[in-house]
Amino acid sequence: MPQSEIAKIYDGVAPVYDVWAWMTETRARDHVLRLARQVSANRILEVAVGTGSTFVELVRSNPNGTTTGIDLSSGMLRRAKRKPA
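Residue numbering for the sequence shown follows our numbering, starting at -6 and increasing by one per position.
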């Protein structure tokens, strides 16, 4: 499947993605956040940032570092930009 098609799929699910992620990814997300809290003043890159739910917490756990998030889906990134960091 071409990369542009994948982005379109995620653009379509962006409005409901947070609910789906909460139901399916909570344990993995919590584990990542526990690991991130153990380091400070680092560079963190979140690939496939989605709607930014985890990204917001990564920024908060890394106040002296740089946290960057990327995603193929412009729909996901639009939602991520609305979340307070």
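Heads up, some of the hints might be wrong.
Pairwise CB distance ranges, derived in the manner of DEER restraints [as the list claims (entries may be wrong)]:
hint : residue 1 : residue 2 : range
1    : Glu(-2)   : Pro77     : 16 to 22 Å
2    : Val9      : Asn35     : 31 to 37 Å
3    : Arg27     : Thr59     : 32 to 38 Å
4    : Asn35     : Gly5      : 31 to 37 Å
These are computed hints drawn from the structure, not numbers from a lab.
Cβ atoms here follow ideal geometry from the backbone N, Cα and C, with glycine treated the same way.
Verification of the hints:
no. : hint                         : in the structure
1   : Glu(-2) to Pro77: 16 to 22 Å : 32 Å, violated
2   : Val9 to Asn35: 31 to 37 Å    : 32 Å, holds
3   : Arg27 to Thr59: 32 to 38 Å   : 20 Å, violated
4   : Asn35 to Gly5: 31 to 37 Å    : 34 Å, holds
Checked against the numbered hints given earlier, the structure breaks hints 1, 3 and satisfies all the rest.
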